[in-house]
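Colleague: The opening position of the sequence shown corresponds to residue 0 in numbering that gives the first Met the number 0, with each subsequent residue numbered one higher.
Calculated from the structure, these hints are not laboratory results.
Treat each hint with caution, since some may be false.
Said to hold, decoys possible - Pairs of lysine-lysine, DSS-like flavour, derived with a Cα cap of 25 Å: (1) K34 with K72; (2) K72 with K58; (3) K44 with K34.
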Amino acid sequence: MLQVQTDTYVALLLEVRAELLRLWPAGPITARKVKWAIDTRVQQKTLPGDEDAARLRRKLADLTPEQRPQRLKAMLAWYQGLSEAVDQDGVSRDYAWNVAQWTCLIDAGQIDDEQFELLHLTYLRSRTATGNAGRWQALTFSRRAKIILGVGSVSGVRDGGCVTQ
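Construct all of the structure, not just a fragment, from the sequences and the given hints.
Modeller: Set out below in C-alpha cells:
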C-alpha cells in the first residue's frame, strides 16, 4: 500500500511540475507556486488553461499601480458576497477575518507581484469550482489565498496576520 501511495504522489508531483512549466516556462518555480499548484491540481484536476492565463496576464499588464489594489478589493468583494450567500459552506467562521486581514495587506502594500498574479489565477479557478453546484467556491478561494498570502483562516485555523509598521 505504501508503494501505491508513493507512486501516486510522485505522479502528482510530476504532473504539477509539467503544469508549472507550462504556465511559467521562463520560471521561476517558487515554493509558493508549488503549494498553490498542488492544491489546485488535487481539488480541481487542472491549473488554468493557456488561453485563460494569457488573457488574464494581458489584463493584469494593462493595470496601473493605482488600479492594482482596486482590483484586489473587487475580488475580495466577490469572495465576501459569495461567502455570505445561503448555499456556501465551509467559510462562515473564516471569511470576515480573512477579508479584514487581506484588506489590511492590500492597504499596506504587502502583496508582491507573484502573489498578485496567483490571486488572480486563483480567482479564475475558484469561480469555476462546480462540485455540489458551486457550494465550495468561497472555501476554494480561502484555501488558496491563504497559501498565496501566508495569511488566512480555513476551517477555523488561522495563520499569520497583517502587521503594519
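Colleague: Are there hints from earlier that the structure breaks, and if so, what are their numbers?
Modeller: Every hint satisfied by this model.
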